[in-house]
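J.: Just so you know, the sequences run in chain order W and R.
This note's numbering numbers the first residue of the first sequence as 1 and each following residue consecutively.
This note's numbering numbers the first residue of the second sequence as 1001 and each following residue consecutively.
Since the hints were derived computationally from the structure, they do not count as laboratory data.
Among the hints, erroneous ones may be present.
Each computed BS3-like pair below joins lysine-lysine, with the alpha-carbon atoms no more than 27 Å apart [to be verified]: (1) W:Lys34 <-> R:Lys1335; (2) W:Lys336 <-> W:Lys348; (3) W:Lys199 <-> W:Lys281; (4) W:Lys348 <-> W:Lys375; (5) R:Lys1285 <-> R:Lys1301; (6) R:Lys1199 <-> W:Lys244; (7) W:Lys348 <-> R:Lys1244; (8) R:Lys1199 <-> R:Lys1301; (9) R:Lys1375 <-> R:Lys1348; (10) W:Lys34 <-> R:Lys1034; (11) R:Lys1180 <-> R:Lys1154; (12) R:Lys1034 <-> W:Lys335; (13) W:Lys336 <-> W:Lys326; (14) R:Lys1336 <-> R:Lys1285; (15) W:Lys335 <-> W:Lys375.
Covered by chain R, according to a simulated footprint, are these stretches of chain W (three or more residues, beta-carbon under 8 Å) [stated by the list, open to error]: (16) 42-51; (17) 60-68.
Have a look at the derived ranges for each label pair, beta carbon to beta carbon [said to hold, decoys possible]: (18) W:Glu232 <-> R:Arg1238: 33 to 39 Å; (19) W:Gly182 <-> R:Glu1271: 57 to 63 Å; (20) W:Lys281 <-> R:Met1001: 19 to 25 Å.
Owing to the predicted nature of the structure, the values given are computational and were not obtained by experimental measurement.
Cβ coordinates follow ideal geometry from the N, Cα and C atoms, glycine included.
Protein chains: 2
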Amino acid sequence: MECADYGITRALERDNLNLNPLQRGGVLPAAARKALYEFGDGYSVCDYCAGRLDQVTRPAVNSFLDDLADFIDADAVRTVHGAREGKFAVMHALCEAGDTIVADGNAHYTTHLAAERNNLEIVEVPSTGYPDYEIKPEAYREVLEDVADRVDVKLAVLTHVDGNYGNLTDAEEVARICRKMGVPLLLNCAYSMGRLPVKLREIGADFVVGSGHKSMAASGPIGVLGMRSEWEDTLLRRSGRHEKKEIEMLGCTSRGAPLATLMASLPHVVERVSRWDDEIKKTRKLVSELEEMGGIRQIGKRPKEHDLVRFETPVFHDIASSHPRKGFFLYEELKKRRIVGIRRGQTKWFKCSVYGMTDGQVQYVIDSFREIIEKNRN
Amino acid sequence: MECADYGITRALERDNLNLNPLQRGGVLPAAARKALYEFGDGYSVCDYCAGRLDQVTRPAVNSFLDDLADFIDADAVRTVHGAREGKFAVMHALCEAGDTIVADGNAHYTTHLAAERNNLEIVEVPSTGYPDYEIKPEAYREVLEDVADRVDVKLAVLTHVDGNYGNLTDAEEVARICRKMGVPLLLNCAYSMGRLPVKLREIGADFVVGSGHKSMAASGPIGVLGMRSEWEDTLLRRSGRHEKKEIEMLGCTSRGAPLATLMASLPHVVERVSRWDDEIKKTRKLVSELEEMGGIRQIGKRPKEHDLVRFETPVFHDIASSHPRKGFFLYEELKKRRIVGIRRGQTKWFKCSVYGMTDGQVQYVIDSFREIIEKNRN
Ligand SMILES: Cc1ncc(COP(=O)(O)O)c(C=O)c1O
Ligand SMILES: Cc1ncc(COP(=O)(O)O)c(C=O)c1O
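So here's chain W without its partners, still in its complex pose (with noise of 0.2 Å):
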């Protein structure tokens, strides 16, 4: 049989700026991209392995673990494939089909799926609506009673940082209330653990979920997953036939490359969520710079306070209705400028991330939506 050819290249980020906030924080460092090599064969994390994963000795997944453990502040943690099955794997554990949870406005649609796969059903609690799109600790606390009224919440699920507005949400108070009415609480880490500091205990959360490919400069697809000792006995509940093997890990879980890298990623991690400050002021300037530049909005709370920013752009949709190339020129003008990561055609509004960039790369980027303005601009 003949195989197609799947066109296994991928320069986009070699020769490109790219803009979408997706792909910013998943970018390897050096140290990940040697782990990469020495570990990209098959199971290459298991050639000692004695029937646990979270136990290895070599290379030291069990002293990265402690490692991991003490950066977010957690009892315990273990690697997963990704954010979403870790939020899988605990509403697995806590809930039965037919439980209710209690979810964000501004959920991804992997807290949705991994609610619907369990056969949960869920309450939603609304964010401010047009333009900041806000969680407020107040309203989530207003959408818990009323349905603990009614039913036992399982579970409560807050974003820490959403992919839509980038709106840090108020996770100690949201932890405050949940913990008094005694609704475990599951913030979704995704856009945030490993850009900016998140300590469980510290925030009162039960558990975190990360992701290793979106925020943590590894290889995906994996994921962490933080949890208070009190929930150890649940979530990590072994198997009675395999007395070694934990049932919702089925045993083990990132079994090769992806574990290296989040791994070798770790010392990088530390060290670039400490400078998370810096990050700020680049988006804020970004942010500035380009309202300055009319027809250009910040949509989101404002200040920023997270590098995803979306922004309703009026100033290109208008330029889209004339110009010859219509809603493709703001793509191919970025393109011919090597910046990538706005969705082709797309003009009334876009997301982005200036998320790791140098200071002259973003005044390069700012620079060339001023230009492409500049020179279209009816």
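Put chain R with the ligands on the given structure of chain W with help from the hints.
T.: Positioned in the frame of chain W, the structure of chain R with the ligands alone reads:
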């Protein structure tokens, strides 16, 4: 915070001949090494995603899945995180808590864990026991009929080739029995798909799962789930709220490097499967030459139809009893000769595989065992 040194190097596979069956089928060919380099960063396969991983065209995940479906003669194929995650998904989609499934007595622990995580009852088809440990279709039929008298059997699982004895089961015959009784059959091909020909429709199975890191020359974790068209609605059911997203896949599964390696390796895998007979010849040569040395006996079905071989080795156990290094001598003698993959301290029996080795390497392994015996035999 200071991170420990995790020792993220892996010279084992570079510097030695590795007899560990778990690692023989996961070694990357050059094309997959290149894919790893290209697709190392984060969500690398998601640049051009319009909401469905299996429909991504750059890289051409869509045509890859078409070719893969062809290769394993399935109507629909998805990538999953591994064989176990594929088994979990099938059980989760077909069964409810408390349901009963039937599985063979040589099933991998991950079959048990997938069932346990789904709260399923497993009824086991016993093997013939020592020394062949064969799973006979007749025994499968008896158990199935017996259980079906009492409860509704929701699924039958058969290990195509098991990981303890490397026995190839008569999947066609078991499939015939299952079909006759109206019980869907899931064939666990973790040790077969990518090594020997696996044809879902020819066999008559409803589902097959494969393991990329174990047998398909891919970086872990990645697996393959193939099915007949009549199961697509059940297994690939879409979310009510997010129309494009498949619930059992949590939207998407392998979002990164392992998928790129699986794709890059497919032509290599297709080619090597066509040379399976040569692998069997090598394995049988290993068995006959080792058995000729005396005090070594192949366990499991004879003659070998798979590269995984389990040997009983009283000769090494005898030596260990009076050797100054006790049970460690075998490991150490092999290590000196740059042969690894047999557990340290183990001399009563071991599992090994020479899959993918050249004839010269196989001869070297054989000669090494002979030398070790001659040098140490009392
Ligand atoms: C807020 C949020 N949660 C979860 C996810 C999914 O992360 P993963 O791919 O690790 O499951 C995303 C990805 O876009 C996200 O933005
Ligand atoms: C027969 C069998 N099934 C399943 C597995 C697990 O495969 P995966 O790691 O892809 O889940 C193994 C691994 O050893 C195996 O031998």
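J.: Regarding the pair lysine 348 of chain W and lysine 1244 of chain R, is the alpha-carbon distance no greater than 27 Å?
T.: Holds, at about 23 Å.
J.: Taking only the CA atoms, is the gap from lysine 1180 of chain R to lysine 1154 of chain R under or equal to 27 Å?
T.: Holds, because 14 Å separates the two Cα atoms, which is no more than 27 Å.
J.: Within a Cα-Cα threshold of 27 Å, do lysine 1034 of chain R and lysine 335 of chain W meet the stated pairing?
T.: holds, 26 Å
J.: Look at the Cβ atoms of glycine 182 of chain W and glutamate 1271 of chain R and judge whether their distance stays inside 57 to 63 Å.
T.: This hint holds: roughly 59 Å between Cβ atoms.
J.: Are there three or more residues in the region 60-68 of chain W whose C-beta lies within less than 8 Å of some C-beta in chain R?
T.: With 6 residues closer than 8 Å to chain R, the region 60-68 of chain W meets the three-residue bar; holds.
J.: Taking only the CA atoms, is the gap from lysine 348 of chain W to lysine 375 of chain W under or equal to 27 Å?
T.: Within the cut-off at roughly 18 Å; holds.
J.: Count the residues of the region 42-51 of chain W with a beta-carbon closer than 8 Å to any beta-carbon of chain R: does the count reach three?
T.: holds (count 6)
J.: Under the criterion that the straight-line Cα-Cα distance not exceed 27 Å, is the pair lysine 1199 of chain R, lysine 244 of chain W satisfied?
T.: violated, 34 Å
J.: Taking only the CA atoms, is the gap from lysine 1336 of chain R to lysine 1285 of chain R under or equal to 27 Å?
T.: holds, 23 Å
J.: Assess, step by step, whether the Cα of lysine 1199 of chain R is no farther than 27 Å from the Cα of lysine 1301 of chain R, and give holds or violated.
T.: Satisfied, since the Cα-Cα distance of roughly 22 Å is no more than 27 Å.
J.: Does lysine 1301 of chain R sit within 27 Å of lysine 1285 of chain R, going by the straight-line distance between their CA atoms?
T.: With Cα atoms ~15 Å apart, lysine 1285 of chain R and lysine 1301 of chain R stay inside 27 Å; holds.
J.: If you draw a straight line from the CA of lysine 34 of chain W to the CA of lysine 1034 of chain R, is it 27 Å or shorter?
T.: holds, 14 Å
Going down the numbered hints, you'll see the structure goes against just number 6.
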